[in-house]
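Peer 1: Residue numbers (UniProt numbering), protein chains in the order written: chain B, 1 to 506; chain V, 1 to 506.
Just so you know, these hints were derived from the structure itself, not from any lab. Any given hint could turn out to be false.
Calculated lysine-lysine pairs in the BS3-like style (CA-CA distance at most 27 angstroms, straight line) [to be verified]: (1) V:Lys503 with V:Lys122; (2) V:Lys503 with B:Lys59; (3) V:Lys357 with B:Lys167.
Protein chains: 2
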Amino acid sequence: MFESAEIGHVIDKDTFEAEVPALREALLEAQFELQQQGRFPVIVLINGIEGAGKGETVKLLNEWMDPRLIEVRTFDQQTDEELAHPPAWRYWRMLPAKGRMGIFFGNWYSQMLQGRVHGEFKDPRLDQAINAAERLEKMLCDEGALIFKFWFHLSKKQMKARLKGLKDDPLHSWRISPLDWQQSQTYDKFVKYGERVLRRTSRDYAPWHVIEGVDSCYRSLTVGRILLEGLRQALDRPKVKPEKVAVAPLPALDDQVTLIDSLDMTLRLEKDDYEEQLITEQARFAGLLRDKRMRRHALVAVFEGNDAAGKGGAIRRVAAALDPRQYSIVPIAAPTEEERAHPYMWRFWRHLPARGKFTVFDRSWYGRVLVERVEGFCSRADWLRAYGEINDFEEQIADAGVVVVKFWLAIDKETQLERFQAREEIPFKRFKITEDDWRNRDKWDAYRSAVCDMVDRTSTEISPWTLVEANDKRWARVKVLRTLNQALEDAFERADKQARKRKSRK
Amino acid sequence: MFESAEIGHVIDKDTFEAEVPALREALLEAQFELQQQGRFPVIVLINGIEGAGKGETVKLLNEWMDPRLIEVRTFDQQTDEELAHPPAWRYWRMLPAKGRMGIFFGNWYSQMLQGRVHGEFKDPRLDQAINAAERLEKMLCDEGALIFKFWFHLSKKQMKARLKGLKDDPLHSWRISPLDWQQSQTYDKFVKYGERVLRRTSRDYAPWHVIEGVDSCYRSLTVGRILLEGLRQALDRPKVKPEKVAVAPLPALDDQVTLIDSLDMTLRLEKDDYEEQLITEQARFAGLLRDKRMRRHALVAVFEGNDAAGKGGAIRRVAAALDPRQYSIVPIAAPTEEERAHPYMWRFWRHLPARGKFTVFDRSWYGRVLVERVEGFCSRADWLRAYGEINDFEEQIADAGVVVVKFWLAIDKETQLERFQAREEIPFKRFKITEDDWRNRDKWDAYRSAVCDMVDRTSTEISPWTLVEANDKRWARVKVLRTLNQALEDAFERADKQARKRKSRK
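Kindly generate the complete structure, drawing on both the sequences and the hints.
Peer 2: Okay, structure coming up:
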């Protein structure tokens, strides 16, 4: 994989200087078209061997292009805020917006390679990380991002020579960090695992470019040309209008025997039972969130449901159990301008709770496979791939200790009608009912299909859906709280078990 | 100040229960109007004596109102990201958007009181903090924010009784932290400094409300009523259209002998001199940013100037001196939707560099007193008060070690014409020239007045303006770099001197 980057590519200075002016102009032009179009972000990943010219190349790109449209991001030591969130959070928060270019210096690849080379974990964990990177990049590209992955390479001999050269040069010796020398010790491992990573993550939508780092003219010109070609292709691509399907084709089987239809909508609680059970579950919930084991977890509760199913009321009963400092509630409505300039999942990543905290999403990332699907706000391809992206997302955050609990609050069509009418009559509830609600009601069947698909495709062991029979609000509220409690207790127990296992192994 | 909150206010349970339903409805209604209008944010500050019912009240407010529109923020231990920024940064990043309510539990007041009570500093520093709080709140209110400040009070006797009561109650004993007991030791100091703070920060636009905390019915009802009344007043206030003045009245004296007119626009550098000096200054700059004293500072460079004055080119020469990982460049254009939903300065606070870092603002917070003033995008009152707000902002960040260097790149009208024409002819520079540029040119005199006012009002010892004669790009670029270097050296020297002073005092 690296052979052709060790054969000593050279471009002489004259050729270089003759070609650079045109290249620069073309790059600048491309960069401004990128900004003007504002259609997609560009992400440049910089990896490879120390001393192979990574820093120099990034510096040069900033000189050739307009640095005001480039964000160079480094990911060294994690900050404590980053440590309190799932690993990918730090990358999500740094994603460039559409029309801009982000250069990620030190990224998910450097993190996994460092970890493997220094023996923090073995191949299976490396493969997991590789897989996660692939899925992240696939998703970003599906959302329109243009990703360049550069691996700057040197043979072992070349690297040693270069490090020595830098060290002897008083102007540059400050650049050699202890880490660099360390890498010269671990070169073989680094290259071995690097090869594994490159092999498995070079994909048509985001291929690796291995750049021989010895000769600066060759290196710079090659990177510049690759960038330009990739940018031009993406910029000249005709603007495809996403295929809009107002109501998506229903699944073939629609015999009304869906999960939703099989719910027992008569379930209810008497007032006395309700009050007793509610208080019990609220106290249990408050206790669990104060449990010191909570410090290693975070809790995410997702509320989806039919209009007027009682999401707000259920959320308030959950919140009432807690000190308001313990939770935050994120209502999801139409995305803001900044949110639209980022990949779909960005707006949810930014609201993820830190360890020990609890976030309620009042509607959520499932909007894409519900309202956006049914109303045709996104293309069929978009919502179809969303299922996989959502599962990936939930797996990633679950792996980091986040407990994800998802509720679909279901009511039947008659109950909805009654509630709509009631809302229109009570002054301080009028804000709760809009034209949209009546319109959505006409699409009852389309929504039902979307819900069933959603549950089928995203109810996983890691984060199952809980369907809540919500014709009776009391029943629904108690069920919600009880489910949250069960999920937290299960998570604590699993963690305890693992801790015991680890202990006994020692 | 606290006397009337120690006399034992009580509201009996029947009165309370009779009044609550209507109050809740009215609060809910107000809250949704707040959201619908989306005109202003609401900030509720919670302070006072431990055990006086702060937590309980916030919890109750979340139950009475819709918690999905409320953000409860706590400010305990600073995170390392917060520690790396000026003190107010943590509050700015948590400001609620227009239409929402933020409850700040632990805020600038708790921070200054804790510091003073525990002897971390003396009265002069407390007064500085008081003053900073006042200015912050004034600015927020001027931008439309509605601020409620609640001080929950207990007499010493009441507090001790309440802490003891909580301790003996097994359901609540977990709530008593060591800090609470500590406060019972420091009650007298806390009240003494609390009084000083309240006295000096109770203003017509954001008065304090002292609430006696003993009786929960009294406490809750009082807070609820105050909130409702304040909300209603603000919501019912007629939407005043800001007075739009397309071109602001020029200052009385306009005899063409302005600072701008007195610049020597013939200053220039020969190519050889330029190349030598540029390299020298770039090396000096790189060295200064690597200096270990830089770790206690951050650098902010603001670039403003006539259109086509060469801001971009100057910024690139600055950037070229550095490793791209050391700086970021923030181009300021029209604000995004989220930015418009926050106070004017919010978008700049969010981009401030952390300690050790360097941020270039390509256009800046001075937009308000330049383009927004001249084009009439904001009212006369807005840009007039902006001078003071900007000085406050720069003082705050300078106090935290941020070195602020501001450049106005000036060219004369003929030079601008030449450059505009040249830009229209060079293909890859066409993007740089728009209709707007030609339009702005017609307002040359209005802009000049705005610039002179700006310099007069915001060139301070803490962060002076540097006027750069930019008819000759070479001269301008070297002057920019030299000024940055001088500013950093001065800052390092001042810090060294202070360190020596501190040492010799010991």
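Peer 1: Against the structure, test the hints numbered earlier, and report the numbers of the ones violated in rising order.
Peer 2: Result: hint 2 breaks, nothing else.
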